[in-house]
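**Student:** Read top to bottom, the protein sequences are chains A and B. Quick note, the working numbering runs 2 ahead of the 1-based positions in the first sequence. Quick note, the working numbering runs 51 ahead of the 1-based positions in the second sequence.
Rather than coming from a laboratory, the hints here were simulated on the basis of the structure. Heads up, a few of these hints could be off.
[Unchecked claim] A partial selection of chain B residues facing chain A, derived with a Cβ cut-off under 7 Å:
hint, residue
1, I621
2, R625
3, A650
4, F651
5, G652
6, L655
7, N659
8, D663
9, R721
10, R722
11, G725
12, M726
[As the list claims (entries may be wrong)] Here are the simulated EDC-like cross-link-like pairs (lysine to aspartate or glutamate), alpha carbons at most 16 Å apart as the crow flies:
hint, chain 1, residue 1, chain 2, residue 2
13, B, K472, B, D359
14, B, K368, B, D326
15, A, K16, B, D605
16, B, K327, B, E296
17, B, K632, B, D675
18, B, K185, B, D142
19, B, K537, A, E44
20, B, K612, A, D141
21, B, K612, A, E43
22, B, K526, B, D513
23, A, K16, A, E134
24, B, K537, A, E134
25, B, K534, A, E134
26, A, K373, A, E324
27, B, K612, A, E44
28, B, K607, A, E42
29, B, K309, B, D283
[Said to hold, decoys possible] Quick partial rundown of chain A residues pointing at chain B, CB under 7 Å, derived from the structure:
hint, residue
30, E42
31, V63
32, L77
33, A79
34, S80
35, S115
36, A119
Keep in mind it's a predicted model, so treat the numbers as computed, not measured. Where a beta carbon is used, it is the ideal one built from N, C-alpha and C, also for glycine.
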Amino acid sequence: MIFAAPRFVVVDDKPEHLGAITQAFQYLGSPCIGVRYNPEEELNPQHFRGVRCLFLDLHLVDGQAGTDQKRHYALIASILEDNISQNGGPFILVIWTEHEHLSNELRDYLDASLDQAKPHARPLAVLGLAKERFINTGDGVVNQPEELRAAIQNALLSNAQLSALLGWEADVLVAAGDTLAALLNLVPPAQRTSATFPGALDTILSRLARESVGSSNVDVNHRAAVTNALAPILADRIMNQDVTPETKELWQRALTKHNTPLPDASASEAGQINRMLHLAGPPGETIRSSDWGAVVTWPHPWTDEELTNRLGLTIEQLLGGEFFVDNADRQGCRAVLVRVGAVCDYAQNRTGPLTYLLGVEIPKDVKHKGKMSEAIWKSPVFVLPGDNDPSRLHVHIRFPLTVLAGGCAAWVPRYRLREQLLMHLIAATSTYIARPGIVQLPVK
Amino acid sequence: MAATNDPGNAELKLPFRPRARLLQLLGDQLIGTPRLAVFELVKNAYDADAETVIVTLKDIQAPNSTIIVEDDGDGMTLETIRDIWLVPGHDHRQTQRRALQRTRLSRLPLGEKGLGRFAVHKLGDQIELVTRAKDNPECVASIDWDDLIKEPFLSDAEVTIRTREPEIFKGTATGTRMTISRLRETNWTRGDVRRLFRQITSISSPFTNRSDRFETLLEVPEHPDWVAGVPDADALLERAPWLFEFTFADGLLTWSYKFRSVTGLKLAPRAATGDKVPLQIAPERDFDLYGTNQGRKTQPKRITASEDYAKGIGPIKGTFFVFDRDREILNKLGDSQLVQNFLDENGGVRVYRDSIRVYNYGEPGDDWLGLDLRRVNTPTRNISRNIIVGAVDLSLQLSDQLTEKTNREGFVESDAYHRLKQIVLGALSILEVERKIDKDNIRALTGKGEDPETKNITQPLDALRAAAKTHDLSKELDPLIDKAEKNYNEMRDTMLRAGLSGMGLAVVFHEIEQGVRVLHDAIEGGGKLETIQIQARELVRILDGFSELLRKGDRKPNSLKTLIRRARDINRVRFRNHNVKLVCPALEETVPDVERQFAFGLLLGALNNLLDNAFYWLQVRWPDEKSQTRREIYINIENDFAEGPAIIVADNGPGFQDDPERLTRPFFSRRPDGMGVGLYYTNMVMELNGGRLAFPDADEANVPDTFDGAALALVFGKGASR
């Protein structure tokens with residue numbers, strides 16, 4: 003998708019108000035999409051997929067005075083439930099109203115009424131701005147674009163954490179722009195004609211892709227190949243961006259607890275954070291079962307016979323004897339395979355079978371009835387996809403399986419270990435395999 | 052006292068040594084006003100099982116004037132004087148009260164803190180106490196406060212008590228007489244005396260019957276005429292056109308309403324009752340009338356009072372007499388000045404416990420229910436303090452979560468007190484709705500046939516602008532006044548252009564006019580700016596949306612099924628939250644669609660109004676619906692109406708109790724906080740779209756039997772169907 007998701011979205015049933023507000027954003031040099039609310043039709047969720055600041059008219063269907071505003075709140079709640087994307091990220095809701103207390107009422111209503119199963123539909127903050135202050139509600143002429151921007155900015159700044167993150171997101175976009183600009187600078191001016199520009203760019207991208215993953219690997223994923231080359235530059239640009247004193251100050255306000263003793267995160271909280279840090283997965287990231295670090299569901303029948311054929315032991319011997327999990331606790335355990343291997347083999351797409359290690363996802367609260375072998379690597383605590391309670395991935399280094407590249411195509415990937423954690427596992431594997439044994443006679 | 056010689060390491064046990072003036076402080080600082088001081092003495096008489104208390108103002112206006120409070124109660128023995136009366140803060144009454152130990156006359160003591168008698172100091176400096184208990188000699192104590200508090204310490208302040216053969220309480224008589232002289236206030240005017248009279252006689256509830264007798268009298272020997280002329284409250288209350296009585300017990304309300312008609316008006320009396328019905332409670336707002344954050348984060352789920360809502364309050368009884376201050380009605384009541392003065396002095400709602408007054412509720416200046424400061428979104432319905440004389444009666448024994456403040460000026464602000472207010476306001480709102488029905492009828496009779504089409508709102512608004520200017524509020528209020536004027540004029544133009552009936556307009560005009568008056572009074576009365584601003588915004592809000600009728604009026608062919616589907620979808624969250632089941636045969640795929648010309652947005656709003664009402668009233672009938680829901684709404688399309696197809700909306704709520712004409716009148720609502728514009732708008736929207744709002748029988752609309760509540764029909768005209 004080359005069309006970026008809009009960050010500012012305004013929904014109003016009155017075209018003149020919509021026009022006025024989008025126009026006000028234009029004055030400020032910021033893109034803002036105006037969505038005309040037509041009560042006959044549903045809204046298009048595409049418009050809301052990256053929204054950070056959503057302006058909603060409080061009275062979308064009828065402006066009639068009533069005993070209370072609940073019908074309007076309920077409509078807003080259903081709009082949020084239906085349109086806010088699960089991967090859209092945080093947003094704040096700005097309601098056009100001159101009555102400050104209505105935005106508080108709405109916030110409470112949303113807190114109480116939004117579908118529990120759709121936490122992403124909950125705004126980080128609900129603010130009220132008086133439309134009348136900025137535009138002429140009669141004819142839609144913008145009175146105070148600067149004041150409107152200041153009001154929006156103040157509204158955002160009132161939540162330091164959110165504004166820091168929104169600022170960060172904008173900075174990342176700037177860094178991405180810078181990276182692209184640097185890329186384009188590689189095209190000599192003489193070749194920047196409409197006839198030669200595309201070809202010159204193609205040459206540069208092809209070279210970068212080939213050097214970054216090896217020519218045989220480029221065909222696996224062209225985009226990934228280029229990204230592999232650009233990502234470090236992008237990361238570096240993000241890290242070393244020149245930030246204004248205001249931004250520094252904002253971050254100082256946003257992060258205040260790092261020097262104070264914080265209560266330990268609960269297992270569930272830690273599980274969520276660890277998952278974000280170490281696991282990649284749909285819908286944000288796609289995975290193939292052959293990807294380096296991919297964790298796939300055990301692809302064969304889970305029977306004693308199958309296990310004995312492939313790994314030389316029964317289920318009881320594996321779960322009871324190796325992982326020390328009681329019969330009663332085995333219900334919550336899940337067998338998986340973890341794709342490992344040397345990074346350069348993966349990068350250069352070397353021929354030969356792919357190596358997977360046997361893993362078991364075991365709920366965190368399961369007590370192991372004995373000491374597990376040093377050949378078993380334990381992950382941090384995760385709340386795994388589809389689970390409510392935290393678990394740990396246990397990987398048994400002594401139980402590898404290999405498969406030819408085409409053989410794993412139908413396997414079902416669950417998630418992928420990000421590089422840092424995968425390297426930890428691989429290091430543990432090689433340390434274990436490479437540990438020397440010595441011959442000695444025991445002395446009492 | 053233990054002491055050691057080591058000054059650096061001493062341990063001393065020392066008693067408090069209060070100054071004698073502590074007694075003065077107790078009386079002076081603890082009790083708010085002289086009249087509360089008299090009240091405290093009367094309460095002591097009540098606790099002593101007196102049947103009559105006589106307060107006498109003697110030699111009034113002379114330097115040697117005295118106040119005498121004499122009762123025929125049990126009196127005190129020497130031992131009681133010594134062990135209790137002279138012991139400030141003695142808790143024997145509180146102990147009795149907590150143990151629910153009743154007196155001989157079955158009274159629960161009112162005293163709690165053992166300080167009431169010190170209130171006399173608020174009245175004068177010299178006290179003579181004469182008291183006699185059964186089969187005991189008479190005891191006499193004389194206290195000179197000035198002498199007493201000259202003593203450095205309370206322990207040195209002594210009171211001489213003499214016993215004697217009875218001189219005052221002769222024979223078998225018992226009782227207590229307190230004579231207060233060297234009065235603080237010597238210049239008693241006729242007005243002061245009449246006010247005191249009113250207060251003394253209101254100590255005991257006039258509205259309730261009690262098994263024992265407790266009477267308080269005021270006598271002014273030098274000016275019997277001062278007291279004699281005070282109008283008889285009972286006679287005046289008899290003239291009140293409206294009487295409302297209620298009892299709230301076990302979570303249910305029983306009420307009776309009477310419009311007793313007005314002499315000279317050709318209007319029949321009317322009565323209405325409710326027996327053990329749910330009490331609707333106006334939802335709590337996060338922000339109170341003043342826009343102050345109440346810190347209430349959660350809205351109560353229930354809109355009716357539950358059984359435990361009166362926990363710690365006990366059963367509540369109320370009697371309200373309501374007058375009318377419109378000149379034409381006042382004149383018909385006779386002695387209009389007398390009635391007005393009576394209302395100025397007595398208007399408000401008092402609170403009694405075991406029929407004994409709890410101050411300051413219902414006193415001039417107290418508006419504990421916030422009657423005058425309620426939102427002005429229904430100005431013609433709300434009953435203000437100056438037309439109501441009411442009493443709320445509680446049981447002392449069962450209202451244990453209502454504690455009185457130490458200064459005796461009402462209850463401590465607590466959750467129970469808050470609930471008490473909500474219950475009384477909930478009951479009051481029934482009175483208000485019923486009264487509005489009769490008020491409207493009166494208006495129809497006495498109205499001068501004003502033509503709303505020519506009547507200009509500018510005049511009352513200009514008066515409002517002038518008042519705002521005088522009070523330096525123009526900057527804040529003028530934009531709102533302008534908006535109100537614009538809204539009204541837009542609405543008038545819309546209605547006239549669309550050829551809609553002028554009746555609605557006349558009612559709206561009246562509503563605005565009343566709202567302007569309330570606002571005007573608030574400004575002139577020096578109300579808080581924020582309050583006035585909120586009231587002004589409410590006034591503007593009354594007419595919000597009319598201009599939209601004008602704007603969104605483009606009619607085009609639309610599908611009724613789409614309309615219903617959208618109404619369902621945008622209310623999805625409400626169906627879920629309120630646990631309401633929707634039965635909607637119209638949306639089944641096999642049902643053919645119907646197309647009509649209408650403005651989609653307006654009709655969706657109209658349908659929304661009907662759903663809004665249904666959601667509310669379903670909660671009234673079925674307050675507790677958790678997993679298994681009985682709350683149901685039915686929506687269907689019926690083609691059997693003579694004019695054309697209709698969307699039927701029915702529910703299994705409590706149903707309507709008013710006729711269609713009243714239901715579609717603006718500003719009529721039986722919701723406690725309802726503005727009463729929903730059905731009015733809906734009706735207008737249907738008329739603007741060539742249809743009408745109908746209230747068919749369930750049979751007529753083919754509504755299934757289970758939907759035994761309200762049934763409405765949005766009837767579309769013949770229109771062009773395809």
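**Student:** For each hint, tell me whether it holds in the structure or not.
**Tutor:** Consistency of the hints with the structure:
1. I621: Holds, because the Cβ-Cβ distance from I621/B to chain A comes to roughly 5 Å (cut-off 7 Å).
2. R625: This hint holds: R625/B lies near chain A, its Cβ roughly 4 Å from the closest one there, short of 7 Å.
3. A650: violated (10 Å)
4. F651: It holds, given that the least Cβ distance between F651/B and chain A is near 5 Å, below 7 Å.
5. G652: holds (5 Å)
6. L655: holds (5 Å)
7. N659: Hint on N659/B: holds, closest Cβ of chain A at ~5 Å, below 7 Å.
8. D663: holds (5 Å)
9. R721: R721/B check fails; min Cβ-Cβ to chain A is 11 Å, beyond 7 Å.
10. R722: holds (6 Å)
11. G725: holds (5 Å)
12. M726: With a closest approach of 5 Å, the M726/B hint holds.
13. K472/B / D359/B: holds (15 Å)
14. K368/B / D326/B: Holds. K368/B to D326/B sits at ~14 Å (cutoff 16 Å).
15. K16/A / D605/B: holds (14 Å)
16. K327/B / E296/B: The given pair, whose Cα atoms are some 13 Å apart, holds under the 16 Å limit.
17. K632/B / D675/B: Distance ~15 Å between K632/B and D675/B Cα, so the pair holds.
18. K185/B / D142/B: violated (23 Å)
19. K537/B / E44/A: Cα-Cα ~33 Å, so violated.
20. K612/B / D141/A: violated (34 Å)
21. K612/B / E43/A: holds (13 Å)
22. K526/B / D513/B: Roughly 15 Å separates the two Cα atoms, so the pair holds.
23. K16/A / E134/A: Answer holds: K16/A to E134/A is near 14 Å, not above 16 Å.
24. K537/B / E134/A: holds (15 Å)
25. K534/B / E134/A: Measuring from Cα to Cα gives roughly 12 Å; hence the hint holds.
26. K373/A / E324/A: Answer holds: K373/A to E324/A is near 9 Å, not above 16 Å.
27. K612/B / E44/A: Given pair K612/B, E44/A holds - Cα atoms ~15 Å apart, limit 16 Å.
28. K607/B / E42/A: Holds, because 12 Å separates the two Cα atoms, which is no more than 16 Å.
29. K309/B / D283/B: violated (22 Å)
30. E42: With a minimum Cβ separation of about 5 Å from chain B (threshold 7 Å), the hint on E42/A holds.
31. V63: holds (6 Å)
32. L77: Cβ of L77/A sits 5 Å from chain B, so the hint holds.
33. A79: Cβ of A79/A sits 4 Å from chain B, so the hint holds.
34. S80: holds (5 Å)
35. S115: holds (5 Å)
36. A119: It is violated, given that the least Cβ distance between A119/A and chain B is near 11 Å, above 7 Å.
Going down the numbered hints, you'll see the structure goes against 3, 9, 18, 19, 20, 29, 36, while the others check out.
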